[in-house]
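Participant: Note that the protein sequences, when read in sequence, are chains A and B. Residue 0 is where the first sequence starts when you use numbering that gives the first Met the number 0, and the numbers rise one by one after that. Residue 0 is where the second sequence starts when you use numbering that gives the first Met the number 0, and the numbers rise one by one after that.
If you're looking for bench data, these hints aren't it; they were derived computationally from the structure. All C-beta atoms, glycine included, are put in the ideal place defined by N, C-alpha and C. Incorrect hints may have been included.
As the list claims (entries may be wrong) - Far from chain B, by Cβ distances over 12 Å, these chain A residues were calculated:
1. Phe21
2. Trp58
3. Leu250
As the list claims (entries may be wrong) - One-sided and incomplete, this derived list gives chain A residues near chain B with beta-carbon spacing under 10 Å:
4. Met7
5. Val75
6. Ser178
7. Leu246
Unchecked claim - A few chain A positions that, by computed beta-carbon distances, are all more than 12 Å from chain B:
8. Leu41
9. Ala61
10. Leu109
11. Val165
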Amino acid sequence: MAGDINPMEQFEVGHLIDLKLFGYDVSFTNSALFMVVVFVLLATFMAGGLKRQLIPGRWQTAAEGAVSFIDSMVNVNIGKGGKKFAPYIFSLFFFILFANLVGVLPLAILPGLHTFAVTSHITVTAVLAFFSFGIVLLVGFFKHGLKFFSLFVPHGAPMVLLPVIVPVELISFLVRPFSLGLRLFVAMTAGHILLEVFGSFAVQGLNAGFNGSWIGFVVWLGSFAMIVGVSALELLVCAIQAYVFALLTSLYLHDAVHLH
Amino acid sequence: MDHTSAMYLGAGLAAIGVGMAAIGVGNVFGSFLEGALRNPSAADGQQGRLFIGFAAAELLGLIAFVVAILILFVVK
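Let's have the full structure, built from the sequences with the hints guiding it.
Facilitator: Now the structure itself:
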């Protein structure tokens, strides 16, 4: 019975429209479809809020609140010269937030409408992380030239310890994009696997209950309660992981712009 | 011990690391709450550092989870 339900099946990427470009497979997949959905949602949210009423209505207040949240995060974490990164951090934070939330939506109650968590694939999160890291490197090298390498020498470190400290700092710097991408990917994947496992318990419990044993109904009720609880936790984790990704990107940009 | 049993045992042992990360994350939030209850007005200013600490502790737990998944699904 347990062999019928595979917790990894929800992450499969399938072609919706087959396309080929110069021999490369550029099919429109369900992952791409949900990225388009996220983009449409975000664009509608911002376009609806970009009014210029002096006394803002609710939608305008929400959009302004979103922009000012990112603005304050960028100001606090990057400081001077940080304002030019606010659009990127805004796009990053809200894309990841909306993508995470769309993936957790329980729309599957309508048959066939399974939402797909775009950020539950390392391909997506690694690209986002390497893009952030690339921006950090570009900003660092364009602003400071070769003095950017002084980032790896902490203030006040005795010269004797430098051969130990510099490689350690270098490695911890180079791990940053991997850790950024991995954190978001594993958080989303683990959450979705957990939800699927409890869902499979609920389905099997209900089937067993209808086939005679009353314990099936107990298992079903317990699993259903766990699904509700874990879904609430997942909503929190979605928001926290998006915030952490944007926050850490801002901190790395602070390092690049200010060199400590 | 045959290969499959060793795989499953290895994955189970790797998952113990996730429990240890739970202690770490609880430590971060617990220390924050303890300080916040002593000095509530200063708590809001430190929220950023709370999430940075949480991210760092959580990452190591997620790495343990990734090791378990690697053993289960990637090792032949």
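Participant: Taking the earlier hints as the rules, which of them does this structure contradict?
Facilitator: Violated hint (a single one): 3; every other hint is consistent with the structure.
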